[in-house]
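A.B. asks: Here is what each chain is made of, one letter per residue.
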Amino acid sequence: MIVYLLTFILFVMGLYCLVAKKNVVKKVIGIVIMDYAVNLLLILVGYRRGGVAPILLKGMDRAKFTTQSVDPLPQALVLTSIVIGLGVLALMVALCIRLYEKYKTFDMSEIRRLRG
Amino acid sequence: MQGMTIIVKTVVRIVTSFIVLYGIYIVLYGHLTPGGGFPGGVIVAAAYILIMLAYGKEVALRSFGDKSASLLDNLGAFGFLAIALLGLTGGYFFLNFINHGQPFRLVSAGTLPLSNIAIGVKVSACLYAVFIALAIFGRAVYRAMEEPGKEER
Amino acid sequence: MTKKMTIFLVTLVTWLLLTWSLDPEEVIAGVTVALLISVLFSNLFLSQGKKTNFAPRRLGWFLLYLPVFFYYVIKANFDVAYRVLHPEMPINPGIVKVKTTLKTQTGKTFLANSITLTPGTLTVDIVGDWLYVHWINISTLDPEEQTKLIVTRFERFLRRIYE
Amino acid sequence: MHSLLPLFIAIPLGAAFLGLIIAKLWRGVGGLFAFLSTLSLMVFSFLLLGSSPSIYKMGGWIPPVGINLVSDGLSTLMLVVINTVAFLAIVFSIKYMELYTAKPKYYALFMLMMAGMNGVALTGDMFNLFVFLEIASIASYALVAFGCEHEELEASFKYLILGGVASTLVLLGIAILYSTTGTLNMADIAQSLSTHGANKASLFALALLVMGFGVKGALVPFHAWLPDAHPSAPAPISAMLSGVLIKVLGIYALTRVIFHVFGFTPTLGAILMGLGGLSMVVGALLAIGQDDLKRLLAYSTISQVGYIILGLGLGTPLGIIGGLFHLLNHATFKSLLFMSSGAIEYSTGTRRLSQMGGLNKRLPVTTAGSTVGFLSVSGIPPFNGFFSKLIIIVACVAAHQYIYAGIAAFVGLFTLLYFLRVQRNLLFGDLPESLQGIKEVPFLMCFSLVVLAVLCLGLSFLYPLMSKTLLASARDALLNTSAYIKLVLGG
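Protein chains in written order, with numbering that gives the first Met the number 0: chain A, 0 to 115; chain B, 0 to 152; chain C, 0 to 162; chain D, 0 to 490.
It should be emphasised that the hints constitute simulated quantities derived from the structure, not laboratory data. Any given hint could turn out to be false.
Stated by the list, open to error - Just a few of them, taken from the derived set where beta-carbon distance is under 7 Å, the chain A residues facing chain D:
1. Met33
2. Val37
3. Val87
4. Lys101
As the list claims (entries may be wrong) - Below, computed lysine to aspartate or glutamate pairings styled on DMTMM-like, alpha-carbon distance capped at 20 Å:
5. A:Lys21 to A:Asp106
6. D:Lys23 to D:Glu97
7. C:Lys102 to C:Asp124
8. C:Lys102 to C:Asp128
9. C:Lys147 to C:Asp124
10. C:Lys74 to C:Glu154
11. D:Lys94 to B:Asp65
12. C:Lys102 to C:Glu24
13. A:Lys103 to D:Glu150
14. D:Lys94 to D:Glu344
15. C:Lys96 to C:Glu143
16. A:Lys20 to A:Asp70
17. D:Lys104 to B:Asp65
18. C:Lys96 to C:Asp128
19. A:Lys57 to C:Glu24
20. D:Lys438 to D:Glu97
21. A:Lys57 to C:Glu154
22. C:Lys98 to C:Asp141
23. C:Lys102 to C:Glu143
24. C:Lys147 to C:Asp128
25. C:Lys96 to C:Asp22
26. D:Lys102 to B:Asp65
27. C:Lys96 to C:Asp141
28. A:Lys21 to D:Glu344
29. D:Lys94 to D:Glu439
30. A:Lys103 to D:Glu148
31. A:Lys57 to C:Glu25
The C-beta atom is built at its ideal place from N, Cα and C for all residues, glycine as well.
The whole structure should be built from the sequences, with the hints applied where relevant.
C.D. replies: Spelled out as structure tokens, the structure:
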């Protein structure tokens, strides 16, 4: 139970970083922290104490394998989620660079042309 | 002299081909061992990024330019889609239509190795292209940092 | 062409070690990958090799170099441990500038890495023929003596291996 | 019919990647590929109409194990909306995008967004839903920033931050759902939840999903990104974002999750109605003071989305019909309005209302189109907006929700008020000096506007027909959860 709580604390830390920091790069870091907290939770969902890695090798007993191995599905999901997170991260960093190019600042409180 | 010191350059020169070899190994054995298209592609992209870091932009772009990177990127993605579409010949999208073969052999598991190769090409080219894009845009930021307040808001 | 052959053989051997199998499918895959890499990276890998890079004489010297190198490393380990454990900490750190006679880039790199791997000394930079080395205990202020202590002991072997 | 389903994802993806490859040799190919693929997709989506609900097993795997595509009434409705609007937007953008550079990339991103939206509308798997949601979202972030000017970048960054948080929340909800039910298939989750009952963890997951999809659908407490993002994009993209994207990623995903995965309850309905009523009022109030035409339209979108959510939240058959009909209507008239605002911008070079006037003399087709849109969105009788609003209000009264009925009528009046102001500034009065030389927009742009305007009028006459076929099958799909489970899991 405590590990789940810790992932939620990590998630909330990312959210805090996102909300409280004015620097756009720090906001990006906040989103990445949140993303990884969720990935961690997904991995923990499939964890089994004392389980074996879900890789079938030559000469393994199949019945014993299915009862002992950890759940491989969340691992596949996390891999997909990491890839998506990577795409979002690349886009965010590119946008940060472009924002700096235009506004000459990373401070979100000064990047305010749109209002109303 | 562009790039980093001799030490870094020499080590990169020796190590790069082995890094690429290992990346390709991970891609090709993705259906037998942990790994697959994405991790292997990242390793291959890392080798090229290493070349760019050690030798500077020009050398890396001469051997593998941004145009060819984006071309390979699209080709990889299209290849993956094509493999999925070829499954329609067997009646289903994404159907594993090739004979599965013997387990634990390199040529087995039907379309999975082919998909892995397509993803590997896509990921390596894409990550490298992202790195090039950020490195070239980054130049603009450095220029902007050097002359602050030129363009008043 | 020689370069391509060399890199092809090296990568093929690495591939076989990696897969640890002589199954025909895997060997064919290895040959293909090695060909691909030798085409892609032959300009980069072994850029200065005019002579054959893996002549047996050089390999022999390399094998001879290894125990010598390890001997120096172990000796330096004890030396540093002694300096750390000694209550008075008899250290005299500083950066010295030493000259190397090695000409090839690979030789210089290996020299720098050998110096760095030896505890107590650390290569900071290479500019031309000059190495800037951080040394935990500068025992002498004479540049030639310094060069002899730090560089020459490795240089003798490295020159035979790489030049 | 079910063999068509994967093509809805494969064709746009293929057009995106192949277009980028071939565009290196021949630059104009992106537009051609996009045109052909959206045309074929529109035809396919009409072919799906009237066919019975079907399921497509990807790779031949049986549902709880493999990923499946499901087309029931609701999916079909969404597919028709997505692909029709997308086709018209592509026709519009062939000329409009000459204002921008890098056209092949534009079409590739557009096609990726299409693939994502079609995937969201079709998939029957929670994680797959997330993946397609992210494909569509990432493409839309990039498209919002397509102009690469100050405003576009800022809007895209805000959108990206809020959208990123929303995606994280959705993923967290899916992770918790998976941990409680042990499966990702929607029907399987629904079955597991209905047999074991919803525990606290799954309720938490539901809250996370509502928040996540609420951000994507710009319901009011989560709406902050929309008025920046939608006006900043190129006009066809604004039409796609406002007309389709927020409906698919927000409303459709929300209704699918609430009606088919968790099961509709009166409490959930009350939450939805509260969100809808708040969106209606706040959107209309914020829209009234806007000087920027597209920004005003964006606020109006928030308000109109509120109507849809209100109708769906009622949970009665009539309310759902009204909500879905308004969804269809909003897709037509809001796309029409955004495209005509794009056409006005194309001709005049500005979107400030205070700098315009007397355009009806110079731009007859564009102004006629925008007038039809305005009349429709404000609910003037012969146009489709009137009927859907009327149905929603009647449904509210029938369900004894008199307060919401009052709010809906009041907001409709308010909408008329601010669009009358726009109309006065835009069409009548004197033509400013700076705009004397403007010309009517090219034929392809006019074509989209005219088709959408005709649709606005035609949908109201088609309503008796549609209420028996398209909308009725969507309503039945929503209300009959057990049929959905049976369809996917095979009884």
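A.B. asks: Please go over all the hints and tell whether each is borne out by the structure.
C.D. replies: Structure-based check of each hint:
1. Met33: Holds, about 5 Å.
2. Val37: holds, 5 Å
3. Val87: holds, 6 Å
4. Lys101: Holds - the Cβ of lysine 101 of chain A comes within 7 Å of chain D, reaching about 5 Å at its closest.
5. A:Lys21 to A:Asp106: Given that 20 Å is the threshold and the Cα spacing comes to 6 Å, the pair holds.
6. D:Lys23 to D:Glu97: holds, 18 Å
7. C:Lys102 to C:Asp124: holds, 16 Å
8. C:Lys102 to C:Asp128: Holds - the C-alpha atoms of aspartate 128 of chain C and lysine 102 of chain C are around 8 Å apart, at most 20 Å.
9. C:Lys147 to C:Asp124: Between lysine 147 of chain C and aspartate 124 of chain C the Cα gap is close to 19 Å, so the pair holds against 20 Å.
10. C:Lys74 to C:Glu154: Within the cut-off at roughly 18 Å; holds.
11. D:Lys94 to B:Asp65: This hinted pair is violated, its Cα atoms lying about 29 Å apart.
12. C:Lys102 to C:Glu24: violated, 43 Å
13. A:Lys103 to D:Glu150: Roughly 14 Å between the alpha carbons, so the hint for lysine 103 of chain A and glutamate 150 of chain D holds.
14. D:Lys94 to D:Glu344: holds, 13 Å
15. C:Lys96 to C:Glu143: holds, 10 Å
16. A:Lys20 to A:Asp70: Roughly 37 Å between the alpha carbons, so the hint for lysine 20 of chain A and aspartate 70 of chain A is violated.
17. D:Lys104 to B:Asp65: Holds, because 15 Å separates the two Cα atoms, which is no more than 20 Å.
18. C:Lys96 to C:Asp128: The given pair, whose Cα atoms are some 10 Å apart, holds under the 20 Å limit.
19. A:Lys57 to C:Glu24: It holds: about 18 Å lies between the C-alpha atoms, which stays within 20 Å.
20. D:Lys438 to D:Glu97: Roughly 16 Å between the alpha carbons, so the hint for lysine 438 of chain D and glutamate 97 of chain D holds.
21. A:Lys57 to C:Glu154: violated, 49 Å
22. C:Lys98 to C:Asp141: Satisfied, since the Cα-Cα distance of roughly 13 Å is no more than 20 Å.
23. C:Lys102 to C:Glu143: Roughly 19 Å between the alpha carbons, so the hint for lysine 102 of chain C and glutamate 143 of chain C holds.
24. C:Lys147 to C:Asp128: holds, 15 Å
25. C:Lys96 to C:Asp22: violated, 53 Å
26. D:Lys102 to B:Asp65: Cα-Cα ~18 Å, so holds.
27. C:Lys96 to C:Asp141: holds, 11 Å
28. A:Lys21 to D:Glu344: violated, 34 Å
29. D:Lys94 to D:Glu439: Answer holds: lysine 94 of chain D to glutamate 439 of chain D is near 13 Å, not above 20 Å.
30. A:Lys103 to D:Glu148: holds, 13 Å
31. A:Lys57 to C:Glu25: Distance ~17 Å between lysine 57 of chain A and glutamate 25 of chain C Cα, so the pair holds.
In the structure shown, a violation is registered for the earlier hints numbered 11, 12, 16, 21, 25, 28, in ascending order.
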